[in-house]
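Enquirer: All chains, full assembly: derive it from the sequences and hints.
Number of protein chains: 2
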Amino acid sequence: MTETSETTRYTVAVIGGTGPQGKGLGYRFARHGHDIVLGSRAAEKAEVVATEVNDRLADVAGAGTARGLANADAVAAADVVLLAVPYDGHDELVASLPLAGKTVISCVNPLAFDKRGAHGKVINNGEGSAAESAAELQPEATVVGAFHNVAAPALWSEDEFLDEDVIVVGDSVEGKQVAIDLAASVTGRPGVDGGKLRLARVLEPFTAVLISINRKYKTHSGIRVTGLDAH
Amino acid sequence: MTETSETTRYTVAVIGGTGPQGKGLGYRFARHGHDIVLGSRAAEKAEVVATEVNDRLADVAGAGTARGLANADAVAAADVVLLAVPYDGHDELVASLPLAGKTVISCVNPLAFDKRGAHGKVINNGEGSAAESAAELQPEATVVGAFHNVAAPALWSEDEFLDEDVIVVGDSVEGKQVAIDLAASVTGRPGVDGGKLRLARVLEPFTAVLISINRKYKTHSGIRVTGLDAH
Numbered sequence: 001m002t003e004t005s006e007t008t009r010y011t012v013a014v015i016g017g018t019g020p021q022g023k024g025l026g027y028r029f030a031r032h033g034h035d036i037v038l039g040s041r042a043a044e045k046a047e048v049v050a051t052e053v054n055d056r057l058a059d060v061a062g063a064g065t066a067r068g069l070a071n072a073d074a075v076a077a078a079d080v081v082l083l084a085v086p087y088d089g090h091d092e093l094v095a096s097l098p099l100a101g102k103t104v105i106s107c108v109n110p111l112a113f114d115k116r117g118a119h120g121k122v123i124n125n126g127e128g129s130a131a132e133s134a135a136e137l138q139p140e141a142t143v144v145g146a147f148h149n150v151a152a153p154a155l156w157s158e159d160e161f162l163d164e165d166v167i168v169v170g171d172s173v174e175g176k177q178v179a180i181d182l183a184a185s186v187t188g189r190p191g192v193d194g195g196k197l198r199l200a201r202v203l204e205p206f207t208a209v210l211i212s213i214n215r216k217y218k219t220h221s222g223i224r225v226t227g228l229d230a231h
Numbered sequence: 001m002t003e004t005s006e007t008t009r010y011t012v013a014v015i016g017g018t019g020p021q022g023k024g025l026g027y028r029f030a031r032h033g034h035d036i037v038l039g040s041r042a043a044e045k046a047e048v049v050a051t052e053v054n055d056r057l058a059d060v061a062g063a064g065t066a067r068g069l070a071n072a073d074a075v076a077a078a079d080v081v082l083l084a085v086p087y088d089g090h091d092e093l094v095a096s097l098p099l100a101g102k103t104v105i106s107c108v109n110p111l112a113f114d115k116r117g118a119h120g121k122v123i124n125n126g127e128g129s130a131a132e133s134a135a136e137l138q139p140e141a142t143v144v145g146a147f148h149n150v151a152a153p154a155l156w157s158e159d160e161f162l163d164e165d166v167i168v169v170g171d172s173v174e175g176k177q178v179a180i181d182l183a184a185s186v187t188g189r190p191g192v193d194g195g196k197l198r199l200a201r202v203l204e205p206f207t208a209v210l211i212s213i214n215r216k217y218k219t220h221s222g223i224r225v226t227g228l229d230a231h
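Chains as they are written, first to last, in our numbering: chain A, 1 to 231; chain B, 1 to 231.
Calculated from the structure, these hints are not laboratory results. Cβ atoms here follow ideal geometry from the backbone N, Cα and C, with glycine treated the same way. Don't take each hint at face value.
Taking lysine-lysine and the PhoX-like style, the derived pairs with C-alpha atoms no more than 20 Å apart in a straight line are [what the hints assert, rightly or not]:
| # | chain 1 | residue 1 | chain 2 | residue 2 |
| --- | --- | --- | --- | --- |
| 1 | B | K218 | B | K115 |
| 2 | B | K115 | B | K216 |
| 3 | B | K218 | A | K196 |
| 4 | B | K196 | A | K218 |
| 5 | B | K196 | A | K115 |
| 6 | B | K216 | A | K196 |
| 7 | B | K196 | A | K216 |
| 8 | A | K216 | A | K115 |
| 9 | A | K121 | B | K196 |
| 10 | B | K121 | A | K121 |
| 11 | A | K196 | B | K121 |
| 12 | A | K218 | A | K115 |
| 13 | A | K196 | B | K115 |
If you anchor each label on the Cβ, the simulated ranges turn out as follows [to be verified]:
| # | chain 1 | residue 1 | chain 2 | residue 2 | range |
| --- | --- | --- | --- | --- | --- |
| 14 | A | A100 | B | A42 | 56 to 64 Å |
| 15 | A | R215 | B | P86 | 30 to 38 Å |
| 16 | A | F161 | B | K115 | 34 to 42 Å |
| 17 | B | N125 | A | F161 | 35 to 43 Å |
| 18 | A | G188 | B | A95 | 46 to 54 Å |
One side only, chain A facing chain B, incomplete, derived with CB under 7 Å [unchecked claim]:
| # | residue |
| --- | --- |
| 19 | D193 |
| 20 | L199 |
| 21 | V202 |
| 22 | V209 |
| 23 | T219 |
| 24 | H220 |
| 25 | R224 |
| 26 | V225 |
| 27 | G227 |
Expert: Right, here's the structure in full:
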């Protein structure tokens, strides 16, 4: 992480910004100086949550600002877009947004649940992921995957940072750097470059493992990458 | 982990016991008091590696013993079998072994490599894994998945324990407990119950993410599960 990237202040549109993951990540970004534009189907709903975030950050020195807009307007107001939407309806929504030219970070987890617990939905016969679908639907966007495995309740907590790592995958070095920078708002250290976009096929369903662990051990688990002391 | 399971001394047959993963895990198990039977196609080759392990453990108080046998004989000599074989030829080998009634731990990673790096092989159109294949081929064995993500060079090092967690998946609580116990030989703490066997679909290709991280950061990375301080 260079000094330049450490001090970059981003404006991030959070699509799905009123859901727990989007609201929680947006709060973390804004808490550490980035500006966020929460997007929702209804601008009014996004404005309510933006006010909630701003109220929470009123006493935090150096915090960024939150505002709420309808999804497409939120995208238009930012260069970086976080997709934090449910997988149901994901493809239609992503296709409908003006994402050309944007850096798009997908934290979408295509999961299914049955009596045996959580597991990954099979996409494109095992050769796809939500992040890859977004990249195919929006060929002029730079799509990366990140923030799949952070638990929403921990994001909305008062803890300064979460004790875990954010793994970032993508086919664009510049795109990954944005997510690597933003990860520091969540974990206190840069995100970990985990390789190419197709490895989102692993990061997305890994959340099912964490959900299983959470159920068994009554906790909010995360993952930390060991062996990286020097980075 | 109960006091009973903490003190259980297992005899573990390691199929693929002359490869780096099998040899390294066998060494760890024996170093912490379990007996190992390294299996190979040729018994002589397994004996050579067993001698190497025994020599290394000569000064370790409480260490178990290592011996080498042909694969099928190694299986016959143990109640617990670690499958540490390459994915190429995996199904044929597993089908050929006398695994009925055994607890079988698969650490097999079906990976492919191309110019974009490592990635997971697609098994059964995304609805399979090496561990599930083993369970289907050996319906009278108790198959669990574990030890997928530990790096072979770290296993064969002099470090007392590896700074990472072993995640265990399986459909049998008793079968998982064996791997959870054995994990303590590697990491210094019990393995983490990660849910049902089908989640091996995630743990196996996760190794591709770690390989990507290793290449980028010039390290031997592992994963640690956070949020489990109490367990």
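Enquirer: Are any of the numbered hints broken by this structure? If so, which, sorted upward?
Expert: none
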